[in-house]
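Engineer: In case you want the letters, here they are:
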Amino acid sequence: MQPTDISDPEYFHKVVDCQWACPAHTPVPEYIRLIAQRRYADAFMINWESNVFPGILGRTCDRPCEPACRRTRIEEKPVAICRLKRVAADYKGDIDDRLPSVPSLKNGKRIALIGAGPASLTVARDLLPLGYSCVLFEKDPQGGGLMRTNIPTFRLPTDVLDEEVDRILEMGVEPRFGEEITSLTAVLDEGYDAVFIGTGAPRGKDMKVPGRAEASANIHIGTDFLKSVAFKHIDSIGKRVVVIGGGNTAMDCCRTALRLGAEQVTVTVRSPRGDMKASDWEIEDAEREGIPILDNHAPKEFVVEDGRLTAVIFEKMRAEYDQNGKRTLLPTGEPPVVLPCDDVLMAIGQDNAFPWIERDLGLTFDDWDMPVVDRKTFQSTLPTVFFGGDAAWGPENIIWAVAHGHQAAISIDLHCRGESLADRPPPTTNLVSQKMGIHEWSYDNAISHDRRVPMPHADLKLALKELTVEAELGYDERLAFDEAMRCLNCDIQTVFAEPLCIECDACVDICPVDCINFTQNGDEADLRERLRVPAQNLDQDLYVSDVLKTGRVMVKDEDMCLHCGLCAERCPTSAWDMQKFTYWDNQAQPGPVHANAA
Amino acid sequence: MTHLAKPRFHHPNLPVNGVGLTRRDYEGVVSTLCAGCGHDSVTAAIIEACFELDIEAHKVAKVSGIGCSSKTTNYFLSRSHGFNSVHGRMPSVATGANLANGDLVYIGVSGDGDTASIGLGQFCHAIRRGLNMVYIVENNGTYGLTKGQFSATNDKHSKGRKGADNLFHPIDLCSLAIELGAGFVARGFSGDKDQLVPLIKAAIHYRGFAVIDVISPCVTFNNHAASTKSYDYVRDHNAAMGQLDLVAEADEIRAEYAAGSSIDVALHDGSSLKLHKLPASYDPTDHGVVLHELARIKDAGGVATGLLSIDPNEADLHDLIGTTSTSLNAIDEADLCPGADALDAINASHR
Chain W
1 MQPTDISDPE YFHKVVDCQW ACPAHTPVPE YIRLIAQRRY ADAFMINWES
51 NVFPGILGRT CDRPCEPACR RTRIEEKPVA ICRLKRVAAD YKGDIDDRLP
101 SVPSLKNGKR IALIGAGPAS LTVARDLLPL GYSCVLFEKD PQGGGLMRTN
151 IPTFRLPTDV LDEEVDRILE MGVEPRFGEE ITSLTAVLDE GYDAVFIGTG
201 APRGKDMKVP GRAEASANIH IGTDFLKSVA FKHIDSIGKR VVVIGGGNTA
251 MDCCRTALRL GAEQVTVTVR SPRGDMKASD WEIEDAEREG IPILDNHAPK
301 EFVVEDGRLT AVIFEKMRAE YDQNGKRTLL PTGEPPVVLP CDDVLMAIGQ
351 DNAFPWIERD LGLTFDDWDM PVVDRKTFQS TLPTVFFGGD AAWGPENIIW
401 AVAHGHQAAI SIDLHCRGES LADRPPPTTN LVSQKMGIHE WSYDNAISHD
451 RRVPMPHADL KLALKELTVE AELGYDERLA FDEAMRCLNC DIQTVFAEPL
501 CIECDACVDI CPVDCINFTQ NGDEADLRER LRVPAQNLDQ DLYVSDVLKT
551 GRVMVKDEDM CLHCGLCAER CPTSAWDMQK FTYWDNQAQP GPVHANAA
Chain X
599 MTHLAKPRFH HPNLPVNGVG LTRRDYEGVV STLCAGCGHD SVTAAIIEAC
649 FELDIEAHKV AKVSGIGCSS KTTNYFLSRS HGFNSVHGRM PSVATGANLA
699 NGDLVYIGVS GDGDTASIGL GQFCHAIRRG LNMVYIVENN GTYGLTKGQF
749 SATNDKHSKG RKGADNLFHP IDLCSLAIEL GAGFVARGFS GDKDQLVPLI
799 KAAIHYRGFA VIDVISPCVT FNNHAASTKS YDYVRDHNAA MGQLDLVAEA
849 DEIRAEYAAG SSIDVALHDG SSLKLHKLPA SYDPTDHGVV LHELARIKDA
899 GGVATGLLSI DPNEADLHDL IGTTSTSLNA IDEADLCPGA DALDAINASH
949 R
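So the protein sequences, as listed, match chains W and X. Each step along the first sequence adds one to the number in this note's numbering, with nothing skipped, and position 130 is 130. Residues are numbered in this note's numbering as their position in the second sequence, beginning at 1, plus a constant of 598.
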């Protein structure tokens, strides 16, 4: 293999598994270290700069970082990254003086943002400090989008949501709330320099099953139901509720139903449990509240008696997978299952809908009637119109909307400056030795063997009484410290300097996870087989040195490295060094405003 | 030394041996030696050899004297028996222990000071007695604990770190051991585990006195350009006397060896040693040939490594003096202390 080019910013970025997996590339280990040092405001600002909604995401993020966490490869559970983010938000104190200043003298460019969800708010947050004027359209009376309408308050308290939405609105957004856009042409006619569409995927899917129309008074689309609850249009529900669907919306629906007074709530899913779309922890939370989940149940008929829904009949299914892993659901032939009920909540997915975009504007829609949007620039075929969030390619999560928002803001900025959208600002990176002296390192490299700290929950009886009682209590400072210490500091990189190495094997002998090797070079497949422990995780790179004195090369399997620094501790010549790798994803900002931790 | 505890986490795919243990299970406490010390590599080689041989730690006794090397018995097989003895007196302790219980594997770790100076007499007599043990000398040619004076194995005209000349002839422990009749004499290099691990495994299998002189560079005091015990010098002057494979009884021999260049030695336990890639006319069972060849290589500035000499007719102290093969802790009290009458009978037989 060729020697690894560690000057490529993406090489070490990939080693920081959590940051790599995060759509917004939040520098996770950095803020976790700050939490351990009780520097909550600093930790918060790193998050705020990168993912804009630390308090919200610390409670609701789909956390792609956690399955990626290195810790899952050496023990059972990842670091509770998401809940540590919440700790930063909970304990940050006053951070107003750290926010970027917004120039009073504007640059003369006006941007329309349609839909006040996380994508549009991110675009506003990124563009306002650059001098743009941002007009935010929202059909609801308040901002927040699906964060407000679809996430129940027992998961996301209103004051947390308000704080983080208002923080952006107060930067000088011009809100036009309660104003539903019915024509894109009308918006364009107002003469904006760019229009960003972040209207989400607001249309809940329906299904055609016998009895659907007759029972419609008691069948509610999940997202509509949650929104009506959020705006207090609904405050009660039948005693027996059946939820159809296995995604996170279904989990929110069933738990909301319990809090509205339902006595018997059942979740039904067509597919096997393992294929459910809901996050494991959301399923766990629903089950903790005593809600049974029946998998392999496909709705067959809504039973209506005397004009009223009385039951749902399900057909039992089984899954078959062909050679390509493609799933087919087949009826088992068992007798149908009848679930008596008063109300049904249907949460089987969401669609985008753009009935308000005229099709003769030059904005191309594809065969599925979705706008054609560039994957990198978020620009539509109409150069002044950009898309992001769920509106771009269908339902995702808040953190994706934020990532889209950052990229769209870059594009809008470049577009307004008349520059090529392809010339995107590169990430900001740095690599600095953490050696402070003999056996002194500027990070805590002792490895904690502790198991993941369980999240404390509110007393169930109390929690189920009120929609507004937050189910999760959050970590206190002590628990947060213990959890923070589980982080392996994957951003502190093992950097190898060939000319210094005397090939004494000290690093090989001390490495607790056998990831360092000195061996003859070969092609990648061959090298992976020949290591002390074969490197079978092909998603993780091999770090290969140049040729050493004995003609061998150093090969390190990045897969299991604990970043404990023992190789550097044991190296007599400092051929190994532990260096902190900083990676800031590109944003449309003149300069970073984060508090740079030492 | 390091101030960090080695994490207990290990690679999930770490191989497991015949007794259900991983390599990590054979470790001891974290070394307090200098970073890069060759001794730590020897420790790792011992760990690897014991792991590969499916040895159970409670069937091993680690014995050592004084010095950097003698500290290392603490760094492997933390669940074994151990005795850290007086300077140079490890062979006496090992002899006593072995006579009381011949069922254990005795691994002695010593250094060039502990063996070639203060313990030279003990070393010689343990060899004479044919004590069944593995005697590893971690040989760096210097007194590391007392800040780098020349030791008795340091080559004449090798220089100290600050340029001082060594005026005295070295003691070649391997030649000495062969001269005194050691059954298994090898030399290894801490920087070459591919060679060292099979040597240690073979030494453990060998019944009789097995000495391995391991050149183990002192990174702090004797790893400079004018040293003959540095990583670079040994790598540049290494003359490997064949390659050794330990073939366990159950193993079938898979490798093909060129005819005439290999030697097989059957061991008492059914395993055998296969030596191949031997230099032409080198016969490790012929003391005359071996001593002549070692002298020739040494005079040319080379470092002969590998299994240098082997006596195929293994015999240990128990065989020689006819003691019981049962360890004393397995003999019941009546047989172990037969009483005054038995003693009188013995005394009477001498009158």
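Note that these hints are calculated values from the structure, not bench results. Using N, Cα and C, we set each Cβ at its ideal position, and we do this for glycine too. Do not rely on the hints blindly, as some may be mistaken.
[To be verified] Between beta-carbon pairs, the in silico distance windows are:
(1) X:690 <-> W:477: 27 to 33 Å
(2) W:429 <-> X:823: 51 to 57 Å
(3) W:538 <-> X:924: 53 to 59 Å
(4) W:538 <-> X:603: 28 to 34 Å
(5) W:451 <-> X:883: 56 to 62 Å
(6) W:429 <-> X:877: 34 to 40 Å
[What the hints assert, rightly or not] Below are the EDC-like pairs computed for lysine to aspartate or glutamate, each with C-alpha atoms no more than 16 Å apart in a straight line:
(7) X:754 <-> X:770
(8) X:604 <-> W:342
(9) X:604 <-> W:289
[What the hints assert, rightly or not] Just so you have them, the derived chain W footprint on chain X, three or more residues with Cβ under 8 Å:
(10) 779 to 787
(11) 835 to 842
Engineer: If any of the earlier hints don't hold here, list their numbers in rising order.
Structural biologist: 1, 2, 6, 8, 9, 10, 11
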